[in-house]
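J.: Here's the letter readout for the chains.
Protein chains: 2
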Amino acid sequence: MSLLKRVLIGNPISTADEGHQRIPKKVALPVFASDAISSTAYATDEILVVLLGQAAIGYAAFTKLIPIAVIVAILLVIVITSYRQTIFAYPSGGGSYIVSKENLGSIPSLVAGSSLLVDYILTVAVSVAGGTLAIRSAFGFDNKWTVPICLACVLVMTIANLRGLKESGAVFAPPTYIYVISLLALIVVGLVRIFILKNISEIDPAKVSEEAKKLSQGAKGVTLILLLRAFSSGAVALSGVEAVSNGVPAFKKPESKNAATTLIWMGAILGSCFLGLSVIAARLKPFRGESDATGIALMAEQIYNGKGVLFWIMQISTFAILILAANTAYADFPRLSSIIAKDGYLPRQFSNRGDRLVYSNGVIFLAVIASGLIVIFKGNISALIPLYAFGVFTGFTLSQAGMVVHHVRLKEPRWRISLAVNAVGAVTTFVIALIVVVSKFTEGAWIPAALIPIMVVFFRGIGNHYDRVREKLRAEPGYRAQRHTHYAVVLVGKLNKGVLNAIQYAISLAPERIIAVCVVTTPEEERDIQDQWVTFDVPIELHTISSPYRELTQPVLKYLDEIDAERADDIITVVIPESVTKVSSQWLHNQSAFALKARLLYRPHTVVVSVPIHVDAEDDIDLV
Amino acid sequence: MSLLKRVLIGNPISTADEGHQRIPKKVALPVFASDAISSTAYATDEILVVLLGQAAIGYAAFTKLIPIAVIVAILLVIVITSYRQTIFAYPSGGGSYIVSKENLGSIPSLVAGSSLLVDYILTVAVSVAGGTLAIRSAFGFDNKWTVPICLACVLVMTIANLRGLKESGAVFAPPTYIYVISLLALIVVGLVRIFILKNISEIDPAKVSEEAKKLSQGAKGVTLILLLRAFSSGAVALSGVEAVSNGVPAFKKPESKNAATTLIWMGAILGSCFLGLSVIAARLKPFRGESDATGIALMAEQIYNGKGVLFWIMQISTFAILILAANTAYADFPRLSSIIAKDGYLPRQFSNRGDRLVYSNGVIFLAVIASGLIVIFKGNISALIPLYAFGVFTGFTLSQAGMVVHHVRLKEPRWRISLAVNAVGAVTTFVIALIVVVSKFTEGAWIPAALIPIMVVFFRGIGNHYDRVREKLRAEPGYRAQRHTHYAVVLVGKLNKGVLNAIQYAISLAPERIIAVCVVTTPEEERDIQDQWVTFDVPIELHTISSPYRELTQPVLKYLDEIDAERADDIITVVIPESVTKVSSQWLHNQSAFALKARLLYRPHTVVVSVPIHVDAEDDIDLV
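Here the protein sequences come in this chain order: E and X. Position 273 (the first sequence) corresponds to 272 in numbering that gives the first Met the number 0; numbering is contiguous. Position 12 (the second sequence) corresponds to 11 in numbering that gives the first Met the number 0; numbering is contiguous.
Hints listed in this document are in silico derivations from the structure and should not be mistaken for laboratory results. Be a bit skeptical, because a hint or two may be false.
Which copy? The list can't say, so a pair holds if one copy fits it or any two copies do.
What the hints assert, rightly or not - Derived DSSO-like pairs: lysine-lysine, alpha-carbon spacing no greater than 30 Å straight-line:
id, residue 1, residue 2
1, Lys493, Lys24
2, Lys493, Lys596
3, Lys493, Lys63
4, Lys341, Lys581
5, Lys493, Lys471
6, Lys341, Lys557
7, Lys197, Lys252
8, Lys596, Lys471
9, Lys306, Lys596
10, Lys493, Lys341
All figures in this text were calculated on a predicted structure; none of them were measured in a lab.
Start from the sequences, fold in the hints, and give me the full structure.
T.: Here is the structure:
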């Protein structure tokens, strides 16, 4: 088991090695920006899915694509400019959670934290679903393989991430660059063929599918709500923009400057690819049904005149960058949940770092929930998208609003300009969040809208609980613990070497009084144990309890109550001999004792002592 | 929880009340014989499913029905005669397991026990599937409801059986009698209309389904293997015949005589109904596909000229008796597994009687496995049947073979005749078991054929384990336990009232030496705890362990090894303070302690003491 763990996860890393885990910009770009960049793989498609699929407005859809894309690009510029300020203001990592905690207080920070956690989970589910669709567009395998392939991807990533951040960067960096270069090449060749060579035609919908052919002929009117819905789908292109500002401390020094440069690069790549793709799509008109080939696949086939090498590189690197995008969430989810856990709003487990400096608990939790979503939504990216954008923009809004308060509080040089930038960001992203939740409410946006408040209540509940416990147990200087005397009760079944040794041990605990208790079902059993008591000349008193219902727990508890009534300040020490065998046969023993112990935990003044009887011990001295 | 349990399960019954649970013959018949009688509801059908469905021999199928039914009926007479002797030889209950244990030894008895356990599970699955098919034949609901309805039936029965045997009899008795009367009425009316009034025609296959119409026109030759397969399906009619002999002690006195009478009644009803149905079916020719209406439903509709009141009574009582048949397994499975558990071949849990004298563990186990089978085989009775008969006849064979040895050993009056009867039974049922497993091997008989040996190995493994543990721990008179001294190690985190009280308690255990151990991650944490130690003037030594990997278990184990090296005969008592809160928030505490405790269980010379800190206690004195 331990060997297996080492092979899969690698050797442990000590705290002292942590500094070496810092990553250079060229590795940071794929690690922190792949999520944002990868959304180019599906954002254009998802706008079209709304316009074509939900409303069947036919060719009219493509005239709306470029305006929507331009608005999304402007939004991108606003958000990037806002986050650039956050990076310099919070060089130790300025995610929405931290920024809103410092500036807006506990509740807004928990809203931001919940939003981000929900989004990280969706990033994994959406990206993996998108990646799988990309390779399905190339290979054309049956839809029934979608969910198994998605789940296999999640599994591989989980193992990769349990191995540690730096190696993740090294493994995942090349695909990002191949994707970006392939996509830029596709766009350039596409633009040249469309606008200069003019030797390319629209994609024939009949070639794609019957469904696409039918869609191409629909022609309903375009409504405002439809445009807002399409825009909401396009706005998912911005998801992941905040990843860089969360990860500032992971950059090489000077951290803020390197992070800001990376952020700008990311914005430039994302914006130009998204706009370029939209322009090409508006001309080539890649009609698709929800489960057909992706727009990029259809356009690559058209631009490169068939499924050649460049087509395959495009599709495989699309798959790769989407997996890498999911990996961003693997870096950020455990990091954020450990921060929340350290603040006392999540169980302490989440703050325990596992081996190799990754927060294993968070990684595993993320993998489990994302897998669940994939199964429930059958790996269909278009079904997952409506859940996605609300959390993203809620997080943005709180982060920018926090920055506004930050500027007002600190009044650093040129704070008025900074305040204006962040204020514009906050208002814009808030409006987008509203648009998303209203226009997509019934299609799935209600899920994060309901889940985030529930999570906040849950986090607060945990926080209040830990506060209360800490307060209750806090000892003032000068506090002295009460002195207790103690009774010992040894639970015995049949007498054997193990039980006799356990009794001997219980005597060594120097209790004020010691008594052995045996639960019997029949008078014969009672006689047997009393005979054995004489045979072995056991030096302590025996008390038998008759239990005609064959129950153990209730009669023992009742007897303890009787003993308890005798003296007030006593602690009762219940000594339970437990047979210990090899792990493989342990389940054959102590099940009744386990139930009793669980119950005794809640009994006041009661301490449980498990005396292990090592059945496989070499000689008697090793029995206990 | 406890109230819910009482409402659903009823009040507990003491051992003294056990005698009152004895049941009269008229209740015993439904309780113990319903399984066997209920097989008339599907046995004829299953013969036809083989002849029609697998080979499509068309009308020729019906000429083979009566000869096969007659052979099954002869087999029934042989088996009943054999079991009648068992009832008198084993008035305290003579299932195959007990008879083969006493006469053939441990391995054959475990084979018999495994066969019966497998069969009881299949009885539940097959009967529930058959019952659901019966009401589907009447109501005509969609096949997608089959599995949910089956599972609901299992759930209801599980609750009914956890309530206790006698009430089960009272609840389930009426339907059996209604079924038997309805079926006899159907047969009599059918025979009269066919042979005397001669005013009834064959069922038109086109009226049933397209599939049936196609089947009626097929005409392949009849092969021997096909006949053997059909016979194997018909032989399931005998399943459940052993139930009466298992349950002898549940009868009113004189037990054996009452049980034998019940057995004869059961045989008479089963045989006459099965033969009568086969004769009618051979004339009315109820063609059916695997998931269409049952033969009984088709014939009832034809005989009663449509779906009148008598048709509905027939179908609903068929459903009811099949549920009752499943109930037989609910009575026998837990009984047999508790017997096997008492012999040490199953975990001790199975021998614990729950409330109300039923063996709750066995009941729940049975329900879970049967539900699994229903889900896997989609509630299709014809898919389950091939798994069924092998175990039944293996059990019969071992039981009869055991009786042969019994007669040779005891040589009671007229033992030679008895021996001959049981020998004929043993040889016949052995041949049938072979026929079943060979002819149905690939259709599912391989499952019990593989499972039964695996179960035997498993039972033997458990038996050997318990034997070894008992032997290892057995104390000879005069044995004296070793005297140990003990070290106490108190595990502390931050100092608070709870920890201070736990230290005080640990001191009261009078250890030779006591030391507090604190695992720290950073030098700051180490300084903090040392400062607190001075502040609170803690009277015991503090040892800090630095754990840069943030692990708890390994560093603590390593330190215990160091302490252990100092003295050889010491027991180390590890005192762990554990916060106890309301059950609902308990999961927020002690997870790390739990992992450590699990590991310490396997460490020699180590006793774990959990000192609960009752966070919600009223005052300090109640803290521990």
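J.: All hints are to be evaluated individually against the structure, with a verdict given for each.
T.: Going through the hints against the structure:
1. Lys493 x Lys24: This pair counts as neither: shortest intra-copy Cα distance 70 Å, inter-copy 40 Å.
2. Lys493 x Lys596: both (19 Å within a copy, 26 Å between copies)
3. Lys493 x Lys63: neither (83 Å within a copy, 62 Å between copies)
4. Lys341 x Lys581: This pair counts as between: shortest inter-copy Cα distance 22 Å, intra-copy 38 Å.
5. Lys493 x Lys471: between (43 Å within a copy, 14 Å between copies)
6. Lys341 x Lys557: between (42 Å within a copy, 28 Å between copies)
7. Lys197 x Lys252: neither (49 Å within a copy, 102 Å between copies)
8. Lys596 x Lys471: both (25 Å within a copy, 25 Å between copies)
9. Lys306 x Lys596: neither (66 Å within a copy, 60 Å between copies)
10. Lys493 x Lys341: Close across copies (15 Å), not inside one copy (49 Å); limit 30 Å.
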